[in-house]
Amino acid sequence: MPQKVHPYIPNMVPEVQEKMLKVIGANTVDELYSCIPDEIKLKEEMHIPKALTEWELRRHIEKSLNKNTGANEYVNFLGAGCWQHFIPAVCDEINQRSEFLTAYAGEPYEDHGRYQALFEYQSLLAELVDMDVVNVPTFDWGQAAATSARMAGRITGRKKILLAKSVAPERSKIIMNYGSPELECEFVDFDIKSGLMDLEDLKAKLNYDVAALYLENPSYLGFIESQGPEISKLLKEKKALMIVGVDPISLGVLAPPGHYGADIVCGDLQPLGMHMNYSGGQAGFIATHDDETFINEYPSRLFGIVPTVKEGEYGFGDVAYERTSFAHREKGKESVGTQTALWGITAGVYLALMGPSGIQEVGQTIMQNSQYAVKEINKIQSVKGSLFESPFFKEFIVDFNKTGKTIEEINQGLLECKIFGGKDLSKEFPELGQTALFCVTEIHTKEDIDYLAASLKGVLEK
Amino acid sequence: MKLINRNSKTRDFHQAKWNEPIIFELHQSGEKGVEPPPVNEEIALAVGDGISIIPESMQRKSKPSIPEIGQAKVLRHYLRLSQETLGSDFNVEIGQGTCTMKYIPKINEMLIRNSKIMKLHPLQPESTVQGMLEIFYNLDLCMREISGMDYFSFQPSGGTQALFAMASIVRKYHEQRGEGDQRNEIITTIFSHPSQAATAVVKGYKIITLHPDENGFPDIEKLKAAVSERTAGFVVANPEDTGIFNPKIKEFTKIVHDAGGICYYDQANANGLLGITRAKEAGFDMCFFNLHKTFAAPHMCGGPATGALGVTEALKEYLPVPIVEYKDDKYTLKYDLKHSIGKVRAFHGVAQTVLRSYAWIRSLGPEGLKEVAKIAVLNNNYMYHRVLNIKGAGAPYVKGHRLEQVRYSWEQLTKETGITTEDVQLRMTDFGLHYWTSHHPYIVKQPFTLEPTESYSKQDLDEYIAALEQISKEAYENPDIIKNAPHNSTIHKIDERDFLDNPKKWCITWRSYLKKAKEHQSV
Numbered sequence: 001m002p003q004k005v006h007p008y009i010p011n012m013v014p015e016v017q018e019k020m021l022k023v024i025g026a027n028t029v030d031e032l033y034s035c036i037p038d039e040i041k042l043k044e045e046m047h048i049p050k051a052l053t054e055w056e057l058r059r060h061i062e063k064s065l066n067k068n069t070g071a072n073e074y075v076n077f078l079g080a081g082c083w084q085h086f087i088p089a090v091c092d093e094i095n096q097r098s099e100f101l102t103a104y105a106g107e108p109y110e111d112h113g114r115y116q117a118l119f120e121y122q123s124l125l126a127e128l129v130d131m132d133v134v135n136v137p138t139f140d141w142g143q144a145a146a147t148s149a150r151m152a153g154r155i156t157g158r159k160k161i162l163l164a165k166s167v168a169p170e171r172s173k174i175i176m177n178y179g180s181p182e183l184e185c186e187f188v189d190f191d192i193k194s195g196l197m198d199l200e201d202l203k204a205k206l207n208y209d210v211a212a213l214y215l216e217n218p219s220y221l222g223f224i225e226s227q228g229p230e231i232s233k234l235l236k237e238k239k240a241l242m243i244v245g246v247d248p249i250s251l252g253v254l255a256p257p258g259h260y261g262a263d264i265v266c267g268d269l270q271p272l273g274m275h276m277n278y279s280g281g282q283a284g285f286i287a288t289h290d291d292e293t294f295i296n297e298y299p300s301r302l303f304g305i306v307p308t309v310k311e312g313e314y315g316f317g318d319v320a321y322e323r324t325s326f327a328h329r330e331k332g333k334e335s336v337g338t339q340t341a342l343w344g345i346t347a348g349v350y351l352a353l354m355g356p357s358g359i360q361e362v363g364q365t366i367m368q369n370s371q372y373a374v375k376e377i378n379k380i381q382s383v384k385g386s387l388f389e390s391p392f393f394k395e396f397i398v399d400f401n402k403t404g405k406t407i408e409e410i411n412q413g414l415l416e417c418k419i420f421g422g423k424d425l426s427k428e429f430p431e432l433g434q435t436a437l438f439c440v441t442e443i444h445t446k447e448d449i450d451y452l453a454a455s456l457k458g459v460l461e462k
Numbered sequence: 463m464k465l466i467n468r469n470s471k472t473r474d475f476h477q478a479k480w481n482e483p484i485i486f487e488l489h490q491s492g493e494k495g496v497e498p499p500p501v502n503e504e505i506a507l508a509v510g511d512g513i514s515i516i517p518e519s520m521q522r523k524s525k526p527s528i529p530e531i532g533q534a535k536v537l538r539h540y541l542r543l544s545q546e547t548l549g550s551d552f553n554v555e556i557g558q559g560t561c562t563m564k565y566i567p568k569i570n571e572m573l574i575r576n577s578k579i580m581k582l583h584p585l586q587p588e589s590t591v592q593g594m595l596e597i598f599y600n601l602d603l604c605m606r607e608i609s610g611m612d613y614f615s616f617q618p619s620g621g622t623q624a625l626f627a628m629a630s631i632v633r634k635y636h637e638q639r640g641e642g643d644q645r646n647e648i649i650t651t652i653f654s655h656p657s658q659a660a661t662a663v664v665k666g667y668k669i670i671t672l673h674p675d676e677n678g679f680p681d682i683e684k685l686k687a688a689v690s691e692r693t694a695g696f697v698v699a700n701p702e703d704t705g706i707f708n709p710k711i712k713e714f715t716k717i718v719h720d721a722g723g724i725c726y727y728d729q730a731n732a733n734g735l736l737g738i739t740r741a742k743e744a745g746f747d748m749c750f751f752n753l754h755k756t757f758a759a760p761h762m763c764g765g766p767a768t769g770a771l772g773v774t775e776a777l778k779e780y781l782p783v784p785i786v787e788y789k790d791d792k793y794t795l796k797y798d799l800k801h802s803i804g805k806v807r808a809f810h811g812v813a814q815t816v817l818r819s820y821a822w823i824r825s826l827g828p829e830g831l832k833e834v835a836k837i838a839v840l841n842n843n844y845m846y847h848r849v850l851n852i853k854g855a856g857a858p859y860v861k862g863h864r865l866e867q868v869r870y871s872w873e874q875l876t877k878e879t880g881i882t883t884e885d886v887q888l889r890m891t892d893f894g895l896h897y898w899t900s901h902h903p904y905i906v907k908q909p910f911t912l913e914p915t916e917s918y919s920k921q922d923l924d925e926y927i928a929a930l931e932q933i934s935k936e937a938y939e940n941p942d943i944i945k946n947a948p949h950n951s952t953i954h955k956i957d958e959r960d961f962l963d964n965p966k967k968w969c970i971t972w973r974s975y976l977k978k979a980k981e982h983q984s985v
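Protein sequences appear in the order of chains L and C.
Take 1 as the starting number for the first sequence in the numbering used here and just add one per residue.
Take 463 as the starting number for the second sequence in the numbering used here and just add one per residue.
Think of the hints as simulated: they come from the structure by calculation, not from any bench.
Cβ coordinates follow ideal geometry from the N, Cα and C atoms, glycine included.
Treat the hints with care, since some could be wrong.
To be verified - Once the Cα atoms are required to be at most 25 Å apart in a straight line, the calculated DSS-like pairs of lysine-lysine come out as:
(1) K853/C - K22/L
(2) K462/L - K384/L
(3) K173/L - K668/C
(4) K310/L - K955/C
(5) K920/C - K22/L
(6) K668/C - K159/L
(7) K877/C - K853/C
(8) K160/L - K792/C
(9) K67/L - K792/C
(10) K418/L - K853/C
Stated by the list, open to error - Computed spacing ranges between beta-carbons, pair by pair:
(11) D38/L - N677/C: 17 to 25 Å
(12) K233/L - L507/C: 38 to 46 Å
(13) R538/C - Q3/L: 40 to 48 Å
(14) Q521/C - N66/L: 40 to 48 Å
(15) K853/C - E39/L: 51 to 59 Å
(16) E56/L - Q521/C: 52 to 60 Å
(17) Q3/L - E497/C: 52 to 60 Å
(18) E497/C - E15/L: 54 to 62 Å
(19) G492/C - N66/L: 40 to 48 Å
(20) Y938/C - D38/L: 42 to 50 Å
(21) K159/L - K853/C: 54 to 62 Å
(22) E39/L - F552/C: 41 to 49 Å
(23) D511/C - F187/L: 33 to 41 Å
Excised from the complex, chain L in its bound form (with noise of 0.2 Å):
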């Protein structure tokens, strides 16, 4: 019987193949690899299933997703750096559209709303962040942070980072590994009541070797640091400067970090517009003021908008290619390849949807809804609802240490009635002893948060 032909495979059809091998010349398709030693050719066929229909498929996959549990079926309190947010269905649909979905490296000329979709996202987001620079997006915040390290390291000549010790230890991990061998990475502990910086650790070990201190505002642990412009001021006097990640979903009602001195902003896109896609949907983003020393360090692409020959277009190209890894290799700031663009589209069409009401609005309810989620657990004896005293926005650290329970014991409760507790910390923060990260959003009900705390209650007494 003769090959089938591979739906995805045209020129599997053998009248088709003669003719072309009568162009090249060569009797059969195997003669195209002769400059491939025997020796190193495969001589057995790999061990992979045969192959499947397009139904069979869907079966096959479908089977193995049916084993999952999402966070639609259960309630999700877990955060930790990816979180569940409201998605409009027009972010959906926008980046499931083919054109998008499937370009690449197209020019201005075939590309342009690819060019412009990437312009408005770092213009809607520089509206968000208030600085002038966004760049088109990284890997994820934790490369936004390692990339704003390096930076920093080069526009100041040194090679210390301070690190908040509140920093997500994944997101530490990332920066280090990134910035070894060049950067020295110190921490800077906190108050273990209010969770913020200790200012005095801050001053003895900052000096003219810093490059730069990095914090998270809000904290992964949840809180609200309000020392931004004490901080700010320490860093200067010594010219270091001030790196801080955000949620930009909490920019609508916190200050953005430039109001209090950081110079350089980062953080996460996944909250605007990205499913979480067991981590699929994160994407990081840097963004500075039009200063052409901080702008000459990006390592990533930077679109700019252009006028072209004809009067009353716009048209856009990257700006100082010359920076990159693309023009000029080994020799190029840091290297740059493909990111995660199609988010930074996602996160434009969702920042113009929300519009700045809608952004000021969800912002507003997270606080609320964490608020009374914490107001709730405080209810349940020997627990505490939120561990430090500082404000927080959407999570906080619930303190189990009284109730004689570990939290792998009480997620395992609450996983019994179909809900996924907070992140355990008992493990990233050991001085914390057993606590939880619960994370709240605008998507969480009334509803769900009683049931947490009403859930909560029935596992400590059990």
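Let chain L serve as the given structure and place chain C on it in line with the hints.
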């Protein structure tokens, strides 16, 4: 009715043009795009406004200056921009060599939009994500077969990040052996991807770049001269971006191993090799595949993507954590790898892309994968023979067959007509076709790199070739039509570098544009 003449070999194409305003120009005070979930009244009563407790220094004093736009207007705006984008679903995307533009199966896009993946949180208990972990693990098993490596991580979300992760592993490995300071050089070749050199520099390495011999093969004598006790690693694409496969690759890896270095393989150009030859047999310690290239995940305007990173058993403990394991009928995430480089990206990687590539592999099976490679190579060599017959076109280095792509040259065309590869690029747009020049630096003069992949039919290839033939003809007969191109695009020629390289004129955001344009007007 008389028979309509459809004999034109090139397409009568015009790109969509909407003259669409910048989104800020669509602002109408009071309009609204979407209503976010409101706060429950009882919650508001219980906690108040929720924002008064924000310390003074941290309150946002005024709303961000995002435009106010109704939903239909936002949708229409972005749909118009999508029409002004020529994605590979619409385009015979042969012109983006080194990027393996192939058909993106729609079934895979449907599958990733299942709530059983979209709504998974990466920290959910393992028991609730067994299906997702199973897909990660199954793709790992397939990748092992395809490469001969022993373990894969899907954490790096792009080829650049995979190369960076591999450079990190090289550093950690030598540090563990007490040779971290001594081994400070990475060797690569000029026709390997630019990220290879750039990511190794980020890890603090000095780069030694090998230039090819007169036939375009990586020069083994130059490699012998380059290796020393300072060699940390060797990173190479094979075939290189020229489409030339280095037949002595096993000798290369042996020379580097004998000098104490690690060999890592950039398999971004792997499309012609599936089921034919593998990283293991060529002596590599690590390799990576771009799932958005060889394994049919979409490129998404430049990501998110996945650089699937494979290592041999000896380097397993260095992988970024976690990796997925299967024991006692359960899939688990393993975090305790003894020498792990830590993390290169948040959590687990781009799960949708892992699923897409797994689905693609399963839709082809082992025989289908091999057909992918063979037809990609057939398509490329057909194209190669046809393009070499176009006046003014050439392809330097070894004659005979190439693998999945070719780096061509218009050097002769430029000499004879003045038309450059950049000029050709703009004119190709008029036929609805994408054409990329090549990576810098232009070692091959007036370069262009074509990679036809298995996805395109002979008719598609013939159409692309016909457009190149047409442009060559124009170059010799009517070069002005090329010089003034594009003619049928969304926009006219950009008044480019002065606005993009001059700090006084560049505008990276709309607010910068407004500021600088006003300053300009007041001068």
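Tested hints:
| no. | hint | result |
| --- | --- | --- |
| 1 | K853/C - K22/L | 21 Å, holds |
| 2 | K462/L - K384/L | 18 Å, holds |
| 3 | K173/L - K668/C | 24 Å, holds |
| 4 | K310/L - K955/C | 8 Å, holds |
| 5 | K920/C - K22/L | 13 Å, holds |
| 6 | K668/C - K159/L | 18 Å, holds |
| 7 | K877/C - K853/C | 12 Å, holds |
| 8 | K160/L - K792/C | 43 Å, violated |
| 9 | K67/L - K792/C | 12 Å, holds |
| 10 | K418/L - K853/C | 69 Å, violated |
| 11 | D38/L - N677/C: 17 to 25 Å | 20 Å, holds |
| 12 | K233/L - L507/C: 38 to 46 Å | 40 Å, holds |
| 13 | R538/C - Q3/L: 40 to 48 Å | 47 Å, holds |
| 14 | Q521/C - N66/L: 40 to 48 Å | 46 Å, holds |
| 15 | K853/C - E39/L: 51 to 59 Å | 41 Å, violated |
| 16 | E56/L - Q521/C: 52 to 60 Å | 57 Å, holds |
| 17 | Q3/L - E497/C: 52 to 60 Å | 55 Å, holds |
| 18 | E497/C - E15/L: 54 to 62 Å | 58 Å, holds |
| 19 | G492/C - N66/L: 40 to 48 Å | 46 Å, holds |
| 20 | Y938/C - D38/L: 42 to 50 Å | 45 Å, holds |
| 21 | K159/L - K853/C: 54 to 62 Å | 56 Å, holds |
| 22 | E39/L - F552/C: 41 to 49 Å | 43 Å, holds |
| 23 | D511/C - F187/L: 33 to 41 Å | 35 Å, holds |
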